[in-house]
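Chain Z is fixed; fit chain V onto it per the hints.
Number of protein chains: 2
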Amino acid sequence: MTTATDARVLAHPTRDEIRLENVLHALSDPMRLRVVRDLATAEGDLSCSYFDLPVTKSTTTHHFRVLRENGVVRQVYQGTAKMNGLRRDDLDALFPGLLDSVLGAVERQAQRLGDS
Amino acid sequence: MTTATDARVLAHPTRDEIRLENVLHALSDPMRLRVVRDLATAEGDLSCSYFDLPVTKSTTTHHFRVLRENGVVRQVYQGTAKMNGLRRDDLDALFPGLLDSVLGAVERQAQRLGDS
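Residue numbers (this note's numbering), protein chains in the order written: chain Z, 10 to 125; chain V, 10 to 125.
By construction, these hints were calculated from the structure, which means they are not laboratory data. Model, not experiment: these values are computed from the prediction. We put the beta carbon where it would ideally sit given N, CA and C, even for glycine. Take the hints with a grain of salt, since some may be wrong.
[Said to hold, decoys possible] Chain V side only, calculated, beta carbon under 10 Å to chain Z, not exhaustive:
(1) Leu33
(2) Arg74
(3) Arg97
(4) Asp99
(5) Leu103
[Unchecked claim] Chain Z stretches covered by chain V per the calculated footprint, using a threshold of three residues with CB under 8 Å from any CB of chain V:
(6) 35-41
(7) 88-95
In isolation and in its complexed conformation, chain Z is listed as follows (with noise of 0.2 Å):
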């Protein structure tokens, strides 16, 4: 975990610290499915304020911090606001296929469900 001496430094996992079951954890909200899927899609980073989620700020604020901390984002303060995007190198190179296999059940699903 890099150390956060400044309380504006956020603390993450190194690559070498990211777990499976931490990330599969990570990975098992909705809300989060939500924000893993449309950072994925995006061009660079998004602000947690991009996303209007369901939830209140304090859920929504405790959900980014769930992925950072298992590492699957990574969070950085722009200013005041906080810039997340999704670690897609280090998951890819720890676990080769495992995030487009997540990302594609999530749009079937929401196919299915026709929630998309």
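Then chain V, alone, in the frame of chain Z:
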């Protein structure tokens, strides 16, 4: 969910009721990943007692229940033994490639961490 009128018939979600986020939750634990890995390579169903997990018996029972209730394994009684089988057909139909990518990631992580 199939109704368990007989206490010895265990409740399972139907294929339509299986949700991606629940499957990922069921897989987000090292013990449950170990069970799924063993079931994936087994010739047939395996009894709960086949698995010698380094946890208590009640925790083992809990792990199997999580796997069953989220649609990852099918459990049936044979005499006094609970037999477990991976619901590969259902999972592959709903989320093509997902199970195989998780199983590949399990192997890769075991090799990386030297605990295969």
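Structure-based check of each hint:
no.	hint	in the structure
1	Leu33	holds (4 Å)
2	Arg74	violated (16 Å)
3	Arg97	violated (14 Å)
4	Asp99	violated (13 Å)
5	Leu103	holds (7 Å)
6	35-41	holds (count 4)
7	88-95	violated (count 0)
In the structure shown, a violation is registered for the earlier hints numbered 2, 3, 4 and 7, in ascending order.
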